[in-house]
Amino acid sequence: MSDVKDPAFPSSELLSVLAEQFSKASEAEKKAQIKKTNGIFELRIKNKEGKEGVWTIDLKKEGKVYKGPAKPKADVALSLNDATFKELADGKLNGQKAFMTGRLKVKGNVMLATKLDNVLKQGKSKM
Amino acid sequence: MSLASVFAGQGSADCGPSSALQQFSKQVDRDRGAQQDRFVPQAGPSQWSFRTTTPAGPSTPDPTAQHFFSPSLPHPHALHHHPHPHHPPQPFDLSSLSQSLSPSPAPDLAAAAAPPAAAWASDFLSSQKQHAEGPISRDEAAQLGRIFESAQASGFRQDAAWAHDFAHFASEHPAAVRAAPPNQLAALGRPAFASQLAPAGPLAFDRAFQSAAEAEKWETQFASHAAATATASTTSQQTTTSSDPLSRPTDPLAQTAASLLSSLEHEQSTNTKFANSAFLGLMRRLVDGQARVEGETMVDPGADAPSSAWLGEFASVSGGRGKGKGNERAVDHGWAADFAAQMDDTQSVGPASASLQPGADWAAPPPGATQLAARAELTHAFSEFQQFVPSVDQLHKSVHFPSGAETATAVPGASTLWEQDDEAETVYDGNTRGVPGAQEAEWDRLQEEWDRFEATAVGVRPVPGEYVFAENNPFVTTRNHRVHSAWDMSPSQTTLEAEAQVLDNPSSPQAWFQLGVTQQENERESQAIAALSRAVALDESYADAWLALAISYTNEMDRTSAQSAVASWVRTRGRGRDADAGRTLSAAELVDVLVDMAREGVQGDVVDADVQVALGVMFSLSEEYGKGVDCFRSALSVRPEDWLLFNRLGATLANSGDSRGALDYYYRALELHPTYIRAKFNLGISLIHLDMFQEAAQQILSAISLQQADTTPDDAVAAPIARAGTPDHARKGITSASLWDTLRSCLIQMQRSDLTWLCDAKDVDAFREHFDF
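Protein chains in written order, with the numbering used here: chain F, 55 to 181; chain S, 260 to 1032.
Please note: incorrect hints may appear among the correct ones.
Unchecked claim - List time: in silico BS3-like cross-link candidates among lysine-lysine, alpha-carbon distance up to 25 Å:
| # | chain 1 | residue 1 | chain 2 | residue 2 |
| --- | --- | --- | --- | --- |
| 1 | F | Lys85 | F | Lys115 |
| 2 | F | Lys100 | F | Lys178 |
| 3 | S | Lys886 | F | Lys115 |
| 4 | F | Lys146 | S | Lys886 |
| 5 | F | Lys178 | F | Lys78 |
| 6 | F | Lys100 | F | Lys85 |
| 7 | F | Lys178 | S | Lys886 |
| 8 | F | Lys125 | F | Lys105 |
| 9 | F | Lys121 | F | Lys159 |
Source of the hints: derived by calculation from the structure; they are not laboratory data.
All of these numbers come straight from a predicted model, not from anything done at the bench.
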């Protein structure tokens, strides 16, 4: 998804991967995921220069990822910087630690933010 | 009560998806009189908080009050402003109300509810008349009122219905919708307030209501009426939890708080300290909408500064020293126990429930859907509470209430409390003495507490750093079973047997390792990690345990831990100890070392399976699944009967996208080990990806039933019952949330959403009639 990527933000790469995953998923899968999560997440990522980029993960209406603020209102907004997001995606940092140390700020439905973790873990087979 | 205050940064800070109706009701919530008993307690938690809700009759001479209660009397102001030929029955028309009203205690209460609710409509009319814009006719306002009542009666749940009604209304009466003084339009500029359902309608409705609300007449009337009947209330503390249909909290947090308050009312009456505790005060304020969770702090919407009185209170408590404060903390801890006990008592449904380990684990997710959300919210509120009060259990990690305390009331809980309290105090005081270190220590403690929590789809639950054993393990009591070797390497060992062996040899790393591997097979990852961690703690050079740990961490997507586990494994082989061994090896370096080791093995014409497995893990971490598959294949060539390897190979294939290829390996693993739960689970996942839902559901259900069967006879019965003392997911026979989640996803995709509630209830047997497993 070219519109998701933004060269100023390395973490947008990960988001574009996520977007691809969503687009590849079947309609039924998407519906299942939407029903389970039922939330719109807004990610406000700040890069090193201080610019802030906004992405939305819509798991309530359409099941996609796009750049820009949430079209219908977001249920939860997560503010973090680039490095934090990268670490979160890598699994180096987990959500709670990030939150407790203040690297991740959550506005809105906090419980929904914890569901995001699950979204990323979804459908992984266990070795 | 200006519109601006509604929007000042709080429109998007609701808990839960906000709709226009919620916004609206929040507006109404704020403006509440002291007396609430008059109004019909609608279905919902607020209903519980009322004991003797026989309202005092309309005995006041106040004409306004009389107007409220006797429909026949003309409204004093209405007539004054626009005399109507006949007093319209519509505002007080009960027919629609009684239709839509769920069984309600007394019909006269219903009558009482209708007039006040609709009275505002008539007053709104009167005030509206003062604005130059097209006035809403009495009929329209009445219709508004009726729609609103029916929305209330249906519990604010059908947002769509309301919006639909209103949209319908709006289309019929465009004049009404447009009516609003222009100065309010600017304040309403925020698009955030626009509902996604009916863009124009609710917005205008709120505007209209706003103008009505600002009309003093209505407020003073209401207040006077409220004051007049305030004495009717018998429960002074609970009147703040309103059952006023206009002001029933729809905010889930407030609802939870309301339900909590009501369930604790018994406690409140017996324990005054508890009743006056700050926590309850917070709960009340939550219900009132005065305190709200925003991000990571509690916010008092009325206050300018983020810190509310409650925060100040706790700042003083946490900063305090001395015995005096100790008592308060003791009480706090006592109430935590009480609360946990109360929660246990009030919970009537479902296998999982809160434990009595206060402060840490009582947030275990219950099955009921409503309870679920409530607990999640409450957990959050409580964790915030914990931020400000380092409670006793944070100081004492090992505070465990004995399982006998599951039926504890306040007294037994308190007795254990008081003994520990002195200790806790000294520790606490010791920590705060050294001021610079105190903050750090506190943060570390909090961090540790958080580390123990794990987010799941249903909220936050604790991860046991310690392994939790099953109770009444029959293998432990019958000693003759384990005559032979201390660690039984039999293939299909149940968890109970493994646990028994560990209990018999608590310092044997092998026993812990066996336990860990068994839990891995039974798809209980967190337990496996706990057990394996104990194994390596006892013996740092235990290679197999490190490898198994690495696999568990990989499954949990915890790259750092997995990598360090592999590094430790490498060290047990005597490698990786470079000159600068102080630094941790990077992933690439690790892979290089492993490849070297593999090559050496090849030279001797021996493939070292473990090296291959380690390599496979590294490649899985870096998501180079193709290479990982090769590694596991070569490992299999050395160990053709190792079902674990088959499963791992299958999983790597599946993660790389080749679900079909993975199937064969899973089947093979199951041939070798028919009760291999993890393989069944993986098989289910792959089948889902292949759209073979029926089979997938069968496999997952079979896995779940196996998990449940892996239990003691006692537990099979006791599992559904609330158990205190142990986190629910660590108990025997309790199934993994991931299995249920996947099952739910599968059901939805196969268009059997009607069965998903069974997933919430975690009732496997109910599925037997639908699926064959």
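Evaluation of the provided hints:
1. Lys85(F) x Lys115(F): At roughly 9 Å apart (the allowed maximum being 25 Å), Lys115(F) and Lys85(F) satisfy the hint.
2. Lys100(F) x Lys178(F): 29 Å, violated
3. Lys886(S) x Lys115(F): Given pair Lys886(S), Lys115(F) is violated - Cα atoms ~38 Å apart, limit 25 Å.
4. Lys146(F) x Lys886(S): Satisfied, since the Cα-Cα distance of roughly 23 Å is no more than 25 Å.
5. Lys178(F) x Lys78(F): Answer holds: Lys178(F) to Lys78(F) is near 16 Å, not above 25 Å.
6. Lys100(F) x Lys85(F): Violated. Lys100(F) to Lys85(F) sits at ~31 Å, over the 25 Å cutoff.
7. Lys178(F) x Lys886(S): Holds. Lys178(F) to Lys886(S) sits at ~18 Å (cutoff 25 Å).
8. Lys125(F) x Lys105(F): Answer holds: Lys125(F) to Lys105(F) is near 21 Å, not above 25 Å.
9. Lys121(F) x Lys159(F): Holds, at roughly 19 Å.
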